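**Q** For reference, the chains in residue letters:
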Amino acid sequence: MKNDTHNKRLLREANHAILQQYTRRHFLKDGAMGFGALALGSLLNSCGFNSSNNSNNLFDAANPLAPKPPMFPGKAKSVIYLHMAGAPSQLELFSFKPELAKLDGQDCPPSLLAGKKFAFIQGVPKMLGPQANFRQHGKSGLWLSDNLPHLSTVIDDIAILNAVTTDQFNHAPAQLLMHTGTPRLGRPSLGSWVTYGMGSENKNLPGFVVLTSGGNDPDAGKSVWGSGFLPSVYQGVQCRSVGDPVLFIKDPKGMSRDLRKASIDAINKVNQEQYEEYNDPEILSRIAQYEMAYKMQISVPEVMNINDEPQYIHEMYGTKPGEACFANNVLLARKLVEKGVRFVQLFDWGWDAHGDSAGNAVDIGLVNKCRKVDKPITALLLDLKQRGLLDETLVIWGSEFGRTPMMENREGKVMPFKGRDHHGAAFSMWMAGGGIKGGTSYGESDEIGYNIVSGKTEAFDIQATILNQLGFDHEKFTFESQGRPFRLTDLAGKVITDIIS
Amino acid sequence: MIIAIVLFSLTELIGRFHPVLVHLPIGMLVLAAIFQLILLKQKTASLGPAIHITLLGGMLSAIFSATSGFLLSTTDNYDASLISSHQWFGIAVAVISIGAFILNKQQNKYTKWVILLLTILVIITGHLGGSITHGSDYLTKVFSSSEVVSNNTLRKPIANVQEAVAYTEVIQPILNSKCYSCHGVNKQKAKLRLDLPDFIMKGGKDGAIITAGKADESELIKRILLGKDNKDHMPPIEKPQLSKSEIDLLHWWISTGADFTQKVKALPQSEKIKPVLLALQSAEKNEEIKLSDIPDQAIEKADDKVIQKLKARGIAVSTVSQNSNYLSINFIAVDAISEKDLDLLEPLRKQIIWLKLGNTKLSDQQIDMISSLSALTRLSLERTSITDKGILALQKLTSLQYINLVGTKVTAKGLAQLKALNKLEKIFLYQTSITGTDWNELKKTFPKAMIDSGGYTMPLLEGDTSEVKPPPTIKK
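Sequences listed follow chains A and B, in order.
Each residue of the first sequence is one higher than the one before, starting from 1 at the first, in my numbering.
Each residue of the second sequence is one higher than the one before, starting from 1 at the first, in my numbering.
There could be a bad hint or two in this list.
[Stated by the list, open to error] Per label pair, the in silico range of CB-to-CB distance:
hint, chain 1, residue 1, chain 2, residue 2, range
1, A, Gly-254, B, Gln-395, 56 to 62 Å
2, A, Ile-313, B, Glu-425, 26 to 32 Å
3, A, Asp-265, B, Ala-416, 49 to 55 Å
4, B, Arg-16, A, Lys-476, 48 to 54 Å
[Stated by the list, open to error] According to the in silico footprint, chain A covers these stretches of chain B (three or more CB under 8 Å from chain A):
hint, segment
5, 122 to 129
6, 329 to 342
7, 425 to 432
8, 461 to 470
[Said to hold, decoys possible] Listed next, the in silico PhoX-like pairs over lysine-lysine satisfying Cα-Cα at most 25 Å (straight line):
hint, chain 1, residue 1, chain 2, residue 2
9, B, Lys-263, B, Lys-228
10, B, Lys-469, A, Lys-476
11, B, Lys-191, B, Lys-156
12, B, Lys-189, B, Lys-239
13, B, Lys-228, A, Lys-339
14, B, Lys-231, A, Lys-494
15, B, Lys-301, B, Lys-272
16, A, Lys-75, B, Lys-311
17, A, Lys-75, B, Lys-191
18, B, Lys-350, A, Lys-68
19, B, Lys-274, B, Lys-309
20, B, Lys-448, A, Lys-339
21, A, Lys-139, B, Lys-222
22, B, Lys-272, A, Lys-437
23, B, Lys-311, A, Lys-295
24, B, Lys-340, A, Lys-320
25, B, Lys-274, A, Lys-437
26, A, Lys-250, A, Lys-320
27, B, Lys-228, B, Lys-265
28, A, Lys-75, B, Lys-301
Note that these hints are calculated values from the structure, not bench results.
It should be emphasised that the depicted structure is a prediction, and the values quoted were computed from it without experimental measurement.
Backbone N, C-alpha and C fix where the C-beta goes; we use that ideal spot for every residue, glycine too.
For reference, chain A alone in the conformation it holds in the complex (with noise of 0.2 Å):
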């Protein structure tokens, strides 16, 4: 009884808001125009020139996350892309350039320098040799650089691509580039794109999950994980490694989970009354958002705890609980995944390596860096294939761009660590698991790793190939926003069919 005297004092409040907001001057001004616009759109529906009711709109409303099948039976069921922020250099890890160590502390050749723009270096830069060990590995006989020997024994899993490039020479710009495709603010990521085709498979958790560690947030800032004109459910959640996983997420002191539970009936009751008289379907969308974010109190926490894993996989992954790192992140994005979330995405920020500190050196900072994923990462490909999970999921690592054949001079100065400046004209990035051909590489770079040979890769052939093996076809996946449908890969994309098994 007390709640229905609330909720109709909510409910009257709620109107006498909208009412404010509605004047005799709205009312003349959607009447007159209101009046044209009925007309004329009644004469083009009945022409068939109402595109926008009968394109292939997935949104649901009612039930945004619903699991909806994709266009084609995909290979792959979920992904977990983990994201190097800050550039690693791809010749110390994937790149392997012998010529290269030959040119070591020459002048760079003006023929490399002309028309050429770089984000710090100046004049006339010297040429700085690999400045690690490399192998071939695994029946592939794959090169791969001595910083990552814990990932030399998966090889045969993974296919890694050598020729990526971007036009990109900054990081925000070319972090938005790989995710949104394109430099600037505004489209939805690639997990947002996801989550909207295909739904998410467990009710209680977000569909889309963002992890980051190593201190910061990617330079590109939350729009990297954004929901651009998607509708915003399907932005990614930011979910932290320690501490509540998601802010606010226990119920204030002195509420109770009922109370919890029955204030969020109220409110979504009031809402149904709304949407039974406005009929936006938004209003909706809002419900079922409330509904979920009472769901997420208890089913978030309990799969963000990695406490409760057995000893053998802490020791696998090389996981810290209670730390913020990369290690604890890779395993709740096996968790994650384990339970039916869609899209799971890692940011390690800390790789930029200008070579002005021991931290941003190629021969320091880097091969820390290194030793701090490479554990969990390989740990991530043997813990998914044993679970029975590799063959469904797409892991995806890779970074914005790559690093010069050149070191960095900063200002003209000689810097004092071997350091390399931004370069988006040829890097590395790989693909395992979701259907991907392991043991093979794709494209290759030039004797010193400074332009592509073959195979050039952009973040639009990574974007349809992901796509291509969740199921989707890059090219006809659209929404349709502002009067034209977009696409995630804009005008490009080519599905890179060599890697895929």
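Model the placement of chain B on the given structure of chain A, informed by the hints.
**A** Frame of chain A; chain B shown alone:
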């Protein structure tokens, strides 16, 4: 602008009535001819007015048909060579039907001959029209089914591929199986023949299709690589498509100069093409008929009421793709699984092919209820209470390709009960009661399957716990 679009759509709309309209003149003109025939035999029959009316109707409908046909030919994309004769015959029918009508009205004595001519023209026009829609071999196909089969027979292995003549032994068989049916002796769509070197180099009505040495610029390769939704894609989407290695071989042959006489060994070979060529020495691999975890045959739509009930229980249900009725079901968000839930699966037994019951408290008794789901290709039962007893019920799942039993109490003996499931490709058995020598036994029991025992360990390396420090000599 809008008016132009409306007009265009209108012509297209009228054009699309052509396949319906054409039946009217055929019927009426033939009826007129039959009446005329009866009239010849029995002079007394009072069929004169009937002939008048049927000829009038036949004439009008013939004119409409010809007009709509012309509009259709301007809007849709048809093979111009096939169309032109149908078009002229159609116009002839329309014109001569006008003549026949007038002659009949004037009681001209030649009317019956004109009607005979008209009938013949109607038959020819109809046949040509039918050939456009159904294909010119539509009628003869009944007799030549053996030819179709011969096209699909498996390629014979080449004894030594390096010694083989590249064109006759590698390239021609590909063209034969995938191209000749439309670009060969019998048919030359777009005036293109691919059965002899001269024709291949000559190209079709749009010019050359091969630029020797430049595969990527060759129309042949371009068409093959076009997206399947593109109308210029070859072979047409409804026909058998080229495999990846066939495309690679064509690409290689053209880029090495499209030579018709040289042996394979005389042509340059990249690292990429070598394994493809070598594969020709073994019998054709069944890469295209590799088991898919989705059955080939279509299935009727599942009962939506049952699906809604499952969804209401928090069970994730969706079809495996937008144009398939096969279902994928996941119990991930269900804590306590009940018989009621499992009962709901039974009516969907034809459609469910992927089922995830992992991490539920599914018991041996309950598993009986999924043994009727005979279409299942993927089944996940990890960390359930299933034991060897429950495995027995899975014997009936003969289509099973993937089974996940991670974290269950299943033993090697229990698993051997599934020996007869010869489609099993992947078996995941991490953290089960299978031990030591059991693994070798299992590999013998399931020789074709990939058996994953899990329990991967990683060595602890010095670098895992230490950091590289900057050398002390460098001062910051």
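**Q** Now look at each hint and say whether the structure bears it out.
**A** Results for each hint:
Our hint of 56 to 62 Å for A/Gly-254 and B/Gln-395 holds, since their Cβ atoms are close to 58 Å apart. Separated by about 27 Å at the C-beta atoms, A/Ile-313 and B/Glu-425 satisfy the suggested range of 26 to 32 Å. The given range of 49 to 55 Å is respected by A/Asp-265 and B/Ala-416, whose C-beta atoms sit roughly 53 Å from each other. For B/Arg-16 paired with A/Lys-476, a C-beta distance near 25 Å fails the hint of 48 to 54 Å.
Interface restraint, the segment 122 to 129 of chain B with chain A: violated (0 residues with C-beta to C-beta distance below 8 Å; minimum three). Coverage of a stretch by a chain is defined here by at least three residues with a beta carbon nearer than 8 Å to that chain's beta carbons; for the segment 329 to 342 of chain B and chain A the count is 3, and the condition holds. Closer than 8 Å: that is the beta-carbon criterion, and the segment 425 to 432 of chain B has 3 residues meeting it against chain A, so the requirement of 3 holds. Note: the segment 461 to 470 of chain B has 8 residues with beta-carbon separation from chain A under 8 Å; the three-residue rule is met and the coverage holds.
Pair hint B/Lys-263 plus B/Lys-228 does not hold up; C-alpha atoms about 33 Å apart against a cutoff of 25 Å. Distance hint between B/Lys-469 and A/Lys-476 is unfulfilled; the C-alpha atoms sit about 51 Å from each other, more than 25 Å. For the hint pairing B/Lys-191 with B/Lys-156, the CA-to-CA distance comes to about 30 Å; that exceeds 25 Å, so the pair is violated. Distance restraint check for B/Lys-189 and B/Lys-239: the Cα-Cα separation of roughly 14 Å lies within the 25 Å cut-off, and the hinted pair is therefore satisfied.
The hinted pair formed by B/Lys-228 and A/Lys-339 fails the criterion: a straight-line CA distance of about 36 Å is larger than 25 Å. For a cut-off of 25 Å, the pair hint linking B/Lys-231 to A/Lys-494 stands: about 19 Å separates their Cα positions. Restraint check for B/Lys-301 and B/Lys-272: not satisfied, since their Cα atoms lie roughly 44 Å apart, outside the 25 Å limit. Between A/Lys-75 and B/Lys-311 the alpha-carbon distance is near 24 Å, which keeps this suggested pair within the 25 Å criterion.
Proposed proximity of A/Lys-75 and B/Lys-191 is contradicted: the alpha carbons are some 41 Å apart, above 25 Å. Our distance criterion of 25 Å between C-alpha atoms is met by B/Lys-350 and A/Lys-68, whose separation comes to about 20 Å. Proposed proximity of B/Lys-274 and B/Lys-309 is contradicted: the alpha carbons are some 55 Å apart, above 25 Å. This hinted pair does not check out: B/Lys-448 and A/Lys-339 have alpha carbons roughly 30 Å apart, beyond 25 Å.
Our distance criterion of 25 Å between C-alpha atoms is broken by A/Lys-139 and B/Lys-222, whose separation comes to about 35 Å. Restraint check: the Cα-Cα separation between B/Lys-272 and A/Lys-437 comes to about 15 Å, which is no more than 25 Å; the hinted pair holds. As the CA atoms of B/Lys-311 and A/Lys-295 are separated by approximately 16 Å, the hinted pair is consistent with the 25 Å bound. Our distance criterion of 25 Å between C-alpha atoms is broken by B/Lys-340 and A/Lys-320, whose separation comes to about 42 Å.
With a CA separation close to 19 Å, the supplied pair B/Lys-274 and A/Lys-437 stays within the 25 Å bound. A threshold of 25 Å between alpha carbons decides the hint, and for A/Lys-250 with A/Lys-320 the separation of about 23 Å falls inside it, so the pair holds. Straight-line distance between C-alpha atoms of B/Lys-228 and B/Lys-265 comes to about 34 Å, which puts the hinted pair past the 25 Å bound. Taken as a hint, the A/Lys-75 and B/Lys-301 pair is honoured in the structure, with Cα atoms around 23 Å apart against an allowance of 25 Å.
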